[in-house]
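Student: Sequence:
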Amino acid sequence: MIDSKKISKQQKLEYIKTTVYDFSISAYNIASNTNLTEAGIARILKGIAKNPHESSLNEIISYIHTYNGPEDINEKHIVDILNPYYTPPISIETEIKNQKQKIIELKKKIEECEKYIKSLLTYQKNMIELELNIIEQNTIYKNVDPENLP
Numbered sequence: 001m002i003d004s005k006k007i008s009k010q011q012k013l014e015y016i017k018t019t020v021y022d023f024s025i026s027a028y029n030i031a032s033n034t035n036l037t038e039a040g041i042a043r044i045l046k047g048i049a050k051n052p053h054e055s056s057l058n059e060i061i062s063y064i065h066t067y068n069g070p071e072d073i074n075e076k077h078i079v080d081i082l083n084p085y086y087t088p089p090i091s092i093e094t095e096i097k098n099q100k101q102k103i104i105e106l107k108k109k110i111e112e113c114e115k116y117i118k119s120l121l122t123y124q125k126n127m128i129e130l131e132l133n134i135i136e137q138n139t140i141y142k143n144v145d146p147e148n149l150p
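Heads up: the sequence shown is residues 1 to 150, going by the working numbering.
Hints in this document: simulated from the structure, not taken from any laboratory.
Treat the hints loosely; a few may be bogus.
[Claimed, not checked] No more than 20 Å apart at the CA atoms, straight line, and that leaves these computed lysine to aspartate or glutamate pairs for EDC-like:
hint	residue 1	residue 2
1	Lys142	Glu131
2	Lys17	Glu38
3	Lys107	Glu95
4	Lys125	Glu136
5	Lys12	Glu54
6	Lys115	Glu131
With the hints as constraints, model all of the structure from the sequences given.
Tutor: Encoded structure:
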């Protein structure tokens, strides 16, 4: 802990930047617990504010000295944070039921594919028959002598 009255403004800035970075303190967190604005604190931390007020620096340092880590995060807040990622354990029976349902759905898809394949094969067979008929007719017409036509 430093005595903010005995160091220069530049040393205060360096101390603030280093400490805030080391403890991962956000500008929002500092603003929530001081009379400073989040935007002003962000400007100080990013080095945009070239000559910040001494009182602002002292207030940030005072907050840093009282900061004990994210202790103000209560259990409910932690649950809210983790809730989207937490899934309750699934019983074996439920898992078996889910897997059986997936198997049934996959079998239906396979049956649909088999029906599609059968339809496709029937279509191909019909196309081949049509092509053979066309070839046969062309052959017949080639062998016809136009002079012998009535």
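Student: Of the numbered hints stated previously, which ones are contradicted by the structure, given in increasing order?
Tutor: 6
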